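Participant: Using the sequences provided together with the hints, build the complete structure.
Heads up: the protein sequence lines correspond to chains F and R, in order.
With our numbering, letter number 242 in the first sequence gets 242, and the count goes up by one each step, no holes.
Count along the second sequence starting at 1, add 416, and that's the number in our numbering.
Calculated from the structure, these hints are not laboratory results.
Warning: the hint list may mix true and false statements.
Every beta carbon over 10 angstroms from chain F, so not counted as near; a handful from chain R, in silico [what the hints assert, rightly or not]:
(1) D442
(2) E476
(3) S482
(4) P512
(5) R519
(6) L527
(7) V535
(8) S550
(9) S552
(10) V557
(11) Q584
(12) A609
(13) E622
(14) N648
(15) R651
Stretch by stretch, here's where chain R covers chain F in the computed footprint (C-beta under 8 angstroms, at least three residues) [claimed, not checked]:
(16) 200-209
(17) 349-359
(18) 366-377
The calculated SDA-like cross-link candidates involving lysine to any residue, where the alpha carbons are at most 20 angstroms apart (straight line), are [to be verified]:
(19) R:K638 with F:A149
(20) R:K494 with F:G147
(21) R:K494 with F:K265
(22) R:K565 with F:F274
Remember, predicted model here, so these are calculated numbers, not experimental data.
For glycine and all other residues, C-beta sits at the position ideal for the given N, C-alpha and C.
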Amino acid sequence: MTLFRQSATALTTSLALLATGPAWASELQFDLMGRVSLYGKRANLVATDLVPNPDASGYQDALAGMSGVMGAKLSYGRLSLATQFRAEARDGQVETFTDEAYAELLLGESLFLFGGRSILSYGQAYGLNPADILHDPLAENRIFPSGQARSDVEGTEMIGADMLFDNGSSFSLIYAPDREDPRLGIKEDFAMLRFSGLIAGGAGDYSVALIDGNRPGAALSFSWGIGDASVIYMDAAFRKGREKQAISGTSPLGHLLLETRETGKIHPYATLGFGYTFGNGLSLNAEYTRDAGGYSDSEWYRIVDALDTTTPAQSTVHGQSLNQLNGLLNHYTLRQNYGFLRVSHDNLFGKAVSGEVTVLHGLDDGSGSLGLRLEMTLGDRATLGLTTTHKYGGENSEFTLRPEGDAIAIYTTMKF
Amino acid sequence: MLKSIIKPALVALSMSVAAVGAWAADGAALLRKVDDIRAPGANFTFDLTLNSGGKTEKMEVSVQNSTKGLVRYTKPTKMAGRSILFVDKNMWVFVPGTRRALRISPQQRVLGGVSSADVARTVYSSDYKVVSTSGSGNAIVLQLTPKTKSAAYARIDLTVTSSGAPKQAVFYAGGGRKLKTMHFGGYKSVLGASRPTQLKVVDHLEGGKVTTMTYSSFKKAKTPAAWYQPNNLSRL
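Facilitator: This is the structure:
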């Protein structure tokens, strides 16, 4: 960590002294963006071993809400200031968030220094994206399309620098002290040094990132265009330690005993993908994901055994164990192998209607989630959307652990 | 006897080869003229409006060194901030909400029958070569095939006048399937030359649906190199 901190300081100081060049924005510029979304959702709730009483656990079979986002960017000379504020209203309660608030300074033609709260995203994968290191997928409101949900999250407080080169390559360094890891629930001094480049003579690009923090390691992204209609890509992370904790047994009192997070071992997490665009505009993405940090079959059987033992909760210990299990299983995915398929079209039936079908299928237990989204453009600023989700799988399989089964939602979004 | 047959045959063959070579050379020169008419230089900017089925999209396009193109959506409001970047054989789309540039193929649609490559690529000679020339006068047909596999089309039949003004382009997929026909019109004096400012694209895969591309506000301008960086699209 000290090395990263010293490198960041040395890099920014030396480049600041060296850099000269014309400013991009010679006059004061102010850009304002706003978006308001309304949504309603109905879900079929089913009591499960993990959540025997969905109502008491906060699950709702009917939900209505509003989301408002306002973004502003002020630029003058080499300096720009950007913010994104968000308000979420749901069932009469309003929460506000400052998703972004950062300052950025341009030095020379292509060196950017920035500091504050910022949302950064990495990788190419559409389903499970191991390279999107700073993102918590559980924070997204998936009623909305990914092009909206991914940015309606709280950013990370950091300082950093981006150096862009004329040949298409770039260096990026970020340092996020006291970043809270949402899954491990502990703070860390996070740093990442990243190099991105184009593959000379081909239609390819890659990124390599070195990561320091609670789970040090590396991330890698690669994408390559084949012919006029195909793309292959890979996003991977090789980090020490494990996000998930397995059950090793039970205490004499009946509490669950957990294994360590294997902090010295690297757990590869990788997605391989293929994209194809048909002549009629239909796009297809197929991905395979392997997460070595996910639960193996034997670890999963222990979880299912624990669920069978603790449900129905007949004692305080059972209740505590069930809470433990809920905490353990609070991850976007739990197992090791997944297939993901996305089929989309931006102009269905020649109309201003886009459609998307997605399937995230767990290859370890055959459970999964099937989603359909239709979105219609209304005038210059608005969209009206419909999304449905169907979860399938056997009892206590990954995608049927939680009460929410089939769900349907409608939403409308207006931008200004 | 044999000599009297072989000699004229060889002469005829060499003349044919020379003629084919000359046609190809003429075709290449004509294609360069087409590109000079479509693109007013290596570095320039213009505005583009797409209309299809009552839907309108507006964008600002910047071209650098003929090989890099940046398309920034300005309308409709719900698409403002979206951009498409073309660098040599690479193409990415940036959707503000995703916060990342995603690689796409040149076939990816923008609106109606118009693909990303149709919008971001303003010259043919970077991606295609002339393999045959036919016709004469104001209806010379250049048959173009890709120089690389990443080109958007397997074949283009480009009809031009003797001065290189493009009139029509027919685009084909790999199996010889006719994809679309582009009609060049609206010729106006722009930056010292008569250039087409309106293209009608007929999509043969969508029952002849027509998309209109209208070009305006051409300017010769050199834009910052950092604009043509996938990692920088979020700042534009």
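Participant: Is the nearest Cβ of chain F still more than 10 angstroms from the Cβ of S550 (chain R)?
Facilitator: Per Cβ check, S550 (chain R) is outside 10 angstroms of chain F; nearest 25 angstroms; holds.
Participant: Within a Cα-Cα threshold of 20 angstroms, do K638 (chain R) and A149 (chain F) meet the stated pairing?
Facilitator: violated, 36 angstroms
Participant: If I take the minimum Cβ distance from D442 (chain R) to any residue of chain F, is it greater than 10 angstroms?
Facilitator: At roughly 27 angstroms from the nearest Cβ of chain F, D442 (chain R) sits farther out than 10 angstroms, so the non-interface label holds.
Participant: Looking at V535 (chain R) again, its CB stays over 10 angstroms from all of chain F?
Facilitator: holds, 14 angstroms
Participant: Just want to verify: R651 (chain R) was marked as not at the interface with chain F; is every Cβ pair farther apart than 10 angstroms?
Facilitator: violated, 7 angstroms
Participant: Would you mind confirming whether the straight-line C-alpha gap from K494 (chain R) to G147 (chain F) stays at or under 20 angstroms?
Facilitator: holds, 11 angstroms
Participant: Holds or violated: the stretch 200-209 of chain F covered by chain R, criterion of 3 or more residues with Cβ-Cβ distance under 8 angstroms?
Facilitator: Held - the stretch 200-209 of chain F has 4 residues with a Cβ nearer than 8 angstroms to chain R, which meets the minimum of three.
Participant: Does the no-contact call for R519 (chain R) survive, Cβ to all of chain F over 10 angstroms?
Facilitator: Non-interface label fails for R519 (chain R): nearest chain F Cβ at 4 angstroms, not farther than 10 angstroms.
Participant: Any Cβ of chain F at or closer than 10 angstroms to P512 (chain R), or is the non-interface label fine?
Facilitator: Nearest chain F Cβ is 7 angstroms from P512 (chain R), so the label is violated.
Participant: Could you let me know if the closest chain F CB is still more than 10 angstroms away from the CB of S552 (chain R)?
Facilitator: Nearest chain F Cβ is 31 angstroms from S552 (chain R), so the label holds.
Participant: Classify the label on L527 (chain R) as holds or violated, using whether its beta-carbon is more than 10 angstroms from each beta-carbon of chain F.
Facilitator: violated, 8 angstroms
Participant: Would you say S482 (chain R) is clear of chain F, with no C-beta pair closer than or equal to 10 angstroms?
Facilitator: Given a closest Cβ separation of 16 angstroms, the condition holds.
Of the numbered hints stated above, those contradicted by the structure are hints 4, 5, 6, 13, 14, 15, 18, 19, 21, listed in ascending order.
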